[in-house]
Amino acid sequence: MTSAYMKGYADRQLVERIRHCTALGQVLGAICAVYGAYGYFAGMDHSDGFYITFWVLGSALLLAAIAYPLCLDSATRAVRNLTGKIGHFIFNALLTILYYLVLTPIGRLTGKASPALPFAAWDSPEKAVSYGWRDKTTRTLVQESGEAHIGNIFYQILRYFVQHGRWFLIPLIIVLLFLGLILFFAQTSVLAPFIYTLF
Amino acid sequence: MNTILGISAYYHDSAAALLQDGVIVAAAQEERFSRVKGDARFPHNAVGFCLEEGGLDIADVDHVVFYENPLEKFDRLLQCYLHTSPGSLQSFLAAMPKWLSSNLWMEKEICRELGVSRRIQFCDHHLSHAASAFFPSPFRDAAIVTIDGVGEWATSTIGVGEDNTITLRKEMRFPNSIGLLYSAFTAFTGFKINSGEYKLMGLAPYGRPVYKERILRDVISLDESTGAVTLNQKYFNYTRGLTMTNEAFNDLFGGAPRTPETDITQREMDIAASIQEIVEDAILAIARHALDLTLKDRLVMAGGVALNVVACGRLAREGIFPSIWVQPASGDAGGALGAALWHWHMVQGKPRTPNPDDDMRGSFLGPDIPPASPEDDEMLTRLGAVWETLEDEALQARIAELLADERIVAVARGRMEWGPRALGARSILGDARSPRMQAHMNLKIKFRESFRPFAPMVLAEHQDEWFEPIQQNPYMLLVSPVREERRIPLEKEAEGLWGMDLLKVRRSQIPAVTHVDYSARLQTVDAKRNPFTHGVIVRFMELTGCPVIINTSFNVRGEPIVCTCEDAYRCFMATEIDALVVGNRLMLREEQKSRPMTAEERAQWLKRYDLD
Numbered sequence: 001m002t003s004a005y006m007k008g009y010a011d012r013q014l015v016e017r018i019r020h021c022t023a024l025g026q027v028l029g030a031i032c033a034v035y036g037a038y039g040y041f042a043g044m045d046h047s048d049g050f051y052i053t054f055w056v057l058g059s060a061l062l063l064a065a066i067a068y069p070l071c072l073d074s075a076t077r078a079v080r081n082l083t084g085k086i087g088h089f090i091f092n093a094l095l096t097i098l099y100y101l102v103l104t105p106i107g108r109l110t111g112k113a114s115p116a117l118p119f120a121a122w123d124s125p126e127k128a129v130s131y132g133w134r135d136k137t138t139r140t141l142v143q144e145s146g147e148a149h150i151g152n153i154f155y156q157i158l159r160y161f162v163q164h165g166r167w168f169l170i171p172l173i174i175v176l177l178f179l180g181l182i183l184f185f186a187q188t189s190v191l192a193p194f195i196y197t198l199f
Numbered sequence: 200m201n202t203i204l205g206i207s208a209y210y211h212d213s214a215a216a217l218l219q220d221g222v223i224v225a226a227a228q229e230e231r232f233s234r235v236k237g238d239a240r241f242p243h244n245a246v247g248f249c250l251e252e253g254g255l256d257i258a259d260v261d262h263v264v265f266y267e268n269p270l271e272k273f274d275r276l277l278q279c280y281l282h283t284s285p286g287s288l289q290s291f292l293a294a295m296p297k298w299l300s301s302n303l304w305m306e307k308e309i310c311r312e313l314g315v316s317r318r319i320q321f322c323d324h325h326l327s328h329a330a331s332a333f334f335p336s337p338f339r340d341a342a343i344v345t346i347d348g349v350g351e352w353a354t355s356t357i358g359v360g361e362d363n364t365i366t367l368r369k370e371m372r373f374p375n376s377i378g379l380l381y382s383a384f385t386a387f388t389g390f391k392i393n394s395g396e397y398k399l400m401g402l403a404p405y406g407r408p409v410y411k412e413r414i415l416r417d418v419i420s421l422d423e424s425t426g427a428v429t430l431n432q433k434y435f436n437y438t439r440g441l442t443m444t445n446e447a448f449n450d451l452f453g454g455a456p457r458t459p460e461t462d463i464t465q466r467e468m469d470i471a472a473s474i475q476e477i478v479e480d481a482i483l484a485i486a487r488h489a490l491d492l493t494l495k496d497r498l499v500m501a502g503g504v505a506l507n508v509v510a511c512g513r514l515a516r517e518g519i520f521p522s523i524w525v526q527p528a529s530g531d532a533g534g535a536l537g538a539a540l541w542h543w544h545m546v547q548g549k550p551r552t553p554n555p556d557d558d559m560r561g562s563f564l565g566p567d568i569p570p571a572s573p574e575d576d577e578m579l580t581r582l583g584a585v586w587e588t589l590e591d592e593a594l595q596a597r598i599a600e601l602l603a604d605e606r607i608v609a610v611a612r613g614r615m616e617w618g619p620r621a622l623g624a625r626s627i628l629g630d631a632r633s634p635r636m637q638a639h640m641n642l643k644i645k646f647r648e649s650f651r652p653f654a655p656m657v658l659a660e661h662q663d664e665w666f667e668p669i670q671q672n673p674y675m676l677l678v679s680p681v682r683e684e685r686r687i688p689l690e691k692e693a694e695g696l697w698g699m700d701l702l703k704v705r706r707s708q709i710p711a712v713t714h715v716d717y718s719a720r721l722q723t724v725d726a727k728r729n730p731f732t733h734g735v736i737v738r739f740m741e742l743t744g745c746p747v748i749i750n751t752s753f754n755v756r757g758e759p760i761v762c763t764c765e766d767a768y769r770c771f772m773a774t775e776i777d778a779l780v781v782g783n784r785l786m787l788r789e790e791q792k793s794r795p796m797t798a799e800e801r802a803q804w805l806k807r808y809d810l811d
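The listed protein sequences correspond, in order, to chains A and B. For what it's worth, this note's numbering labels the leading residue of the first sequence as 1, then goes sequentially. For what it's worth, this note's numbering labels the leading residue of the second sequence as 200, then goes sequentially.
Any given hint might turn out to be false.
What follows is a list of derived Cβ distance ranges for each label pair [claimed, not checked]:
hint, chain 1, residue 1, chain 2, residue 2, range
1, B, 413, A, 171, 41 to 49 Å
2, A, 42, B, 293, 44 to 52 Å
3, B, 793, A, 137, 43 to 51 Å
4, A, 134, B, 793, 46 to 54 Å
5, A, 189, B, 423, 54 to 62 Å
6, A, 97, B, 424, 45 to 53 Å
7, A, 134, B, 552, 41 to 49 Å
8, A, 187, B, 660, 53 to 61 Å
9, A, 134, B, 590, 58 to 66 Å
List of simulated lysine-lysine pairs, BS3-like, C-alpha gap at most 27 Å [as the list claims (entries may be wrong)]:
hint, chain 1, residue 1, chain 2, residue 2
10, B, 645, B, 703
11, B, 391, B, 411
12, B, 643, B, 411
13, B, 411, A, 85
14, B, 297, B, 411
15, B, 549, B, 495
16, B, 806, B, 391
17, B, 495, A, 85
18, A, 7, B, 495
By construction, these hints were calculated from the structure, which means they are not laboratory data. For every residue, glycine included, the Cβ atom is placed at its ideal position computed from N, Cα and C.
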C-alpha cells in the first residue's frame, strides 16, 4: 500500500518532469520556430523547404510542450543527460584549476605551519604524531523556527569557517560556494540544460 | 503530540525513525524498501512508512533532525585535501561535485526531498550514535563508547550518559580510526567495505594471527592503556585516493589484494585472525579507559564497530563492565534514531525514565506483516501461492515439527527488525543439531561462501545450559562459546586440521551453529519480546530436547532482508527453502502452483544483487 507521503512524492516527481519537458519544448520550439519564420520571410539563401521544416518543427515542439509535455520526456532526459555530462566535464576542469592554483599553495603554506598533522607516513620528514584521545567538542546546529534559505546557509558556512580560525580558506570557500550554488540550482532548475551549456 | 523525524542519508544505510512524545513509533532502513543493499539515497520509502505508522502527514511533523553536521564534515574534507595536495586530486574530484551541489546545502536539500520549507536540525554524528545507545538503554547512567569509520572529525568517542543528558568527553580523530583500519583489511581481503566487515570477522577463526606483530610494528601504533590508535599513512590511501590501501600495504602483506569471488587462501584467513585480535585488544583497552574516565559500572555502545559481535562478546566476558547494552542498529542507520532521541531529551530537555527491558521493543520497529490481511492474501494469490491458515499455537507446532524433520522454514511475520540482524520476524530457521545444515543452508539457500557461520537462537531460560554464561542477548550482538560439555572432542586425525578443513569436523551437539573456534553468535529469545518465536522453540524442545535452533536472515547473498510478503514469497521460490510462514499462513514448497526457479533463472535473479 502506498503511503500518502509517497503519493505526494510521486506527484512532485511528475510535476518536476512536466516542468522540465515544458521548458525544453518551449525554449527549443521557440528558437526553431523563430529561426524558421525569420529565414522564410526574410528570404535567406537556403531553400524555403529548409526554413519551413524548422518553422514546423518549432511549432510542433511548442504545441507538444503545451498540449502534452510528457511526450518530450525521453528527449528531455537525453538532453539533460548530455548537457549534464558537458557541465560535469567543465566543472571538473574548474575544480582542477582551483585545486592546483589555490588549494595546493594554501596547503603547502599551512602544512609548513603545522607539520605534525597525522596525514603523513611515519618515515617521511613530517613525523606523524599520535593525538590519542582529545577533548571532544560537540558541534550541533539547532536552528530557530522559520524557513530554510540558501542565504542563511551561505552565511552559516562562512561564519563557521571564520569562527574556527579557517579565515585563510575564505576566498577558496567563496569560489567553491558559488560554483556549488550554480550546480545546486542547475540540478533543480528547468533551465539546467541551458545553464550547463552556457557554463 | 510532539513528533520528531530522524533521518540519516547520503553516506550508506540511509534510514528514518519517528518519535511521538518520546516513544519510538517506527524505524526502518531504506534498503528494505528499495531492495538496494546499503542504499544511501534519501530515505523516501522509510520516511513514508514512519509517517504512515504514526498516522501523520509530513506537515504534522514538529522537528526534522539530520544525524550529522555537514559543515564540520566539509571542514574535515577541506583540511584533508589541504594536507594531502597535490596527490589527492582524484579524490577531490570524486567528492567535491556531490558536496558542492547538494551535501553542503543539506538543509535546503532535505526540504526539497521532503517537499517542505522549514528549518532542519543537525546533530553530531557520534552524538547521534551515543544517543541511540544510551537513551533507549535500560540504564539510568552509563559510560558511552562509540566507534566507527568516521563521522565529522571523530572516529571514536568516550562519554557519559546520566538521565536525559549525554556528555561526550573524548574523541579519536580522523585519519586515525579503528573502523577505517578494519575496513581497509576488509577491502584487502576481497570483501566490500561497509557490508563485508562481518565476513572478515567470520573468517578470523580459520586463521592464525601471524600478521599481528607486523601490523602493530609497521601499520598502526596501539596505545595499550587507552586503546588510541595511530595509523601509519605510508600504507593507506583513503586520505588521498579512491582505495583504502596502497602498494606499500600490498608489499607488506605479500601481494595484491584478493580479487572478490576468487578462492580464499590461508593468507586472507591469517590476516583476518590478526586484525580481529588487534581490534578486540583495542576495544578492550578503550573500555578500560572509559571505565577510568567515567567510573560507571555499565557501558552502552554504538557505531559500526560495535557490530563486531566477537569483540563485544569478549568485552562482555572479560567483565570490565558488569552490564553492556549495544544499540541493535549500531551502524549509520541507527543515527536516525539517535538524532531524534537527542532532540527530544537534550534540545527539548524532556525527562527520561529508563525501561528495565530497554525501549527498543525487541527492535521490531519496521513494517508489519499481520497474521491475516486481505492485501497479503491478494498478493500471494497473484504470485501463485498455496497455503493453509493456522492459529498461532498450531502454527508454532507445525514449524517445530518441520524443523525437527531437518526442513528449512522461512518466517515473515510481525514487524520487521530495525538493524542488520534478523531476530525472528524475517528469519530463516533450521535445525541446529544437523551436521549437514551449515553447508546446505550456505550453498542452497543463501548461495554464499561455505565458511560463513550461522547464529543460534536459544530460549533465554536455557541459555546457560548450552553456552558459556553471558548476559541476556536479545539482539544477537554478543558472541559466547558453546559450553565445554556440549562440545564433541576432536578425533585424532582431526587435530591437525586447519583453515577450511575444519568445516568438515563436527564440533558440538549443535554443529550447525558452532563456529570452528566453538563460538556462537547467540540470540536469547524470551516470551516477552518475541512470543511467537519463543513458542516455536519451546515446541521444538518438546520434540527434540534441544532449545537451540538456527536463525539466519531471510535473504540471499547480497540481498537486503525481505520486507513484504511479496519479497518473502519471491525469495522462497528462488531458493530451496522447504516451507514459508507469512503471517499465519503456512506454505509448503511441494504444494505451490508456481514452479520454483531453474538454475539459470536463479543465476539471473542473483545478478540483481551486488556481492558484499
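Status of the hints after comparison with the structure:
1. Between residue 413 (chain B) and residue 171 (chain A) the CB atoms are about 45 Å apart, so this pair conforms to the stated range of 41 to 49 Å.
2. A beta carbon spacing of about 50 Å between residue 42 (chain A) and residue 293 (chain B) agrees with the range 44 to 52 Å that was offered as a hint.
3. Evaluation of the 43 to 51 Å hint for residue 793 (chain B) and residue 137 (chain A) yields a failure: the beta carbon distance comes to about 59 Å.
4. Taking the beta carbon of each, residue 134 (chain A) and residue 793 (chain B) are about 60 Å apart, not inside 46 to 54 Å as hinted.
5. For the pair residue 189 (chain A) and residue 423 (chain B), the supplied restraint of 54 to 62 Å holds, since their beta-carbon distance comes to about 56 Å.
6. Take residue 97 (chain A) and residue 424 (chain B): their Cβ atoms lie about 48 Å apart, and the range 45 to 53 Å holds.
7. Between residue 134 (chain A) and residue 552 (chain B) the beta carbon distance is about 34 Å. The supplied range of 41 to 49 Å is therefore violated.
8. Taking the beta carbon of each, residue 187 (chain A) and residue 660 (chain B) are about 57 Å apart, inside 53 to 61 Å as hinted.
9. Checking the proposed 58 to 66 Å range against residue 134 (chain A) and residue 590 (chain B) shows it holds: the Cβ atoms sit about 59 Å from each other.
10. For the suggested pair residue 645 (chain B) and residue 703 (chain B), the alpha carbons sit about 19 Å apart, so the restraint of at most 27 Å is met.
11. Taking the CA atoms of residue 391 (chain B) and residue 411 (chain B), the gap is about 22 Å. The hint holds against a cut of 27 Å.
12. Between the alpha carbons of residue 643 (chain B) and residue 411 (chain B) the distance comes to roughly 35 Å, so the proposed pair goes past 27 Å and is violated.
13. Pair hint residue 411 (chain B) plus residue 85 (chain A) does not hold up; C-alpha atoms about 47 Å apart against a cutoff of 27 Å.
14. For the suggested pair residue 297 (chain B) and residue 411 (chain B), the alpha carbons sit about 38 Å apart, so the restraint of at most 27 Å is broken.
15. Restraint check for residue 549 (chain B) and residue 495 (chain B): satisfied, since their Cα atoms lie roughly 23 Å apart, inside the 27 Å limit.
16. Between the alpha carbons of residue 806 (chain B) and residue 391 (chain B) the distance comes to roughly 16 Å, so the proposed pair stays at or under 27 Å and holds.
17. Taking the CA atoms of residue 495 (chain B) and residue 85 (chain A), the gap is near 56 Å; set against the 27 Å cutoff, the hint is violated.
18. Under the criterion of a C-alpha separation no larger than 27 Å, the hint pairing residue 7 (chain A) with residue 495 (chain B) is inconsistent with the structure, at around 49 Å.
Checked against the numbered hints above, the structure violates hints 3, 4, 7, 12, 13, 14, 17 and 18; every other hint is satisfied.
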